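Residue 6 is where the sequence shown starts when you use my numbering, and the numbers rise one by one after that.
Bear in mind the hints are in silico, worked out from the structure with no lab data behind them.
Mixed in with the good hints, there may be bad ones.
Using C-beta positions, here's what the derived DEER-type ranges look like [as the list claims (entries may be wrong)]:
1) L186 <-> K108: 17 to 27 Å
2) L30 <-> L191: 30 to 40 Å
3) L95 <-> G31: 41 to 51 Å
4) P46 <-> S104: 39 to 49 Å
5) L191 <-> P92: 38 to 48 Å
6) V91 <-> L179: 42 to 52 Å
7) P175 <-> G62: 21 to 31 Å
With a straight-line Cα cutoff of 27 Å, these simulated DSS-like cross-link-like pairs (lysine-lysine) come out [said to hold, decoys possible]:
8) K177 <-> K143
9) K143 <-> K108
10) K143 <-> K102
11) K177 <-> K87
12) K102 <-> K87
Here the structure is a predicted model, which is why all the values come from computation and not from measurement.
Built from N, CA and C at the ideal position, the CB exists for glycine as well.
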Amino acid sequence: MNWESLKNMLTEEKIMQLLSQYESLGPLPGIFMTFIEAFLPILPLFAIVVGNAAAYGLGLGFLYSWLGTSLGATSLFLLFRKLSNVPFMLRFVQRPKVSNGMKWIHNHGFGTIFLLSCFPFTPSSLVVIVAALSRMDKWVFLPAIISGKAVMVFMMAFVGYDIMSFVRQPWKFLVMLVVILILWLLGKKVENRMHRD
6 MNWESLKNML
16 TEEKIMQLLS
26 QYESLGPLPG
36 IFMTFIEAFL
46 PILPLFAIVV
56 GNAAAYGLGL
66 GFLYSWLGTS
76 LGATSLFLLF
86 RKLSNVPFML
96 RFVQRPKVSN
106 GMKWIHNHGF
116 GTIFLLSCFP
126 FTPSSLVVIV
136 AALSRMDKWV
146 FLPAIISGKA
156 VMVFMMAFVG
166 YDIMSFVRQP
176 WKFLVMLVVI
186 LILWLLGKKV
196 ENRMHRD
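The task is simple: from the sequences and hints, build the whole structure.
What follows is the structure, encoded as structure tokens:
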């Protein structure tokens, strides 16, 4: 089975069928599918989140998707933090482009991780791996990724759950942008306080 056939199997309709087939397992399939996407970013996260929102309802679909994607990103971060001293990784991080990306992410901390996590089409797994290898403080990384993923997953679930409301009421999109800005400013404040302590 190649990646293309796997992607074709994971359309919104197929995900709905899969979730209903394993309904007896409760929230586990919805959480697991978003968890595994952190390690296999080729999987269609938008379709999985929309499938969760349709299967479990907007509130629970958001919660399960957010839990899964946050746990997946955290696990990926911790895995690559452990691997950062492996000889292959040490050679990899010495490459100029990788090294520059790591310095940039490390220096910009919370704000960068938060904003990159908010947007659905950012290569999230790559951001997580670079943050882990950059030796970014995990207590800066974890709140940034978890809050950023909350915004991203809610946007996906909400848009997918009721896309026509965004066409009829564009102000909802502006509200989401304001929420992202407020969360980013709060994150920067927390980061600055942490650097002072």
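Just pull the numbers of the violated hints for me, sorted ascending. 4, 8 and 11
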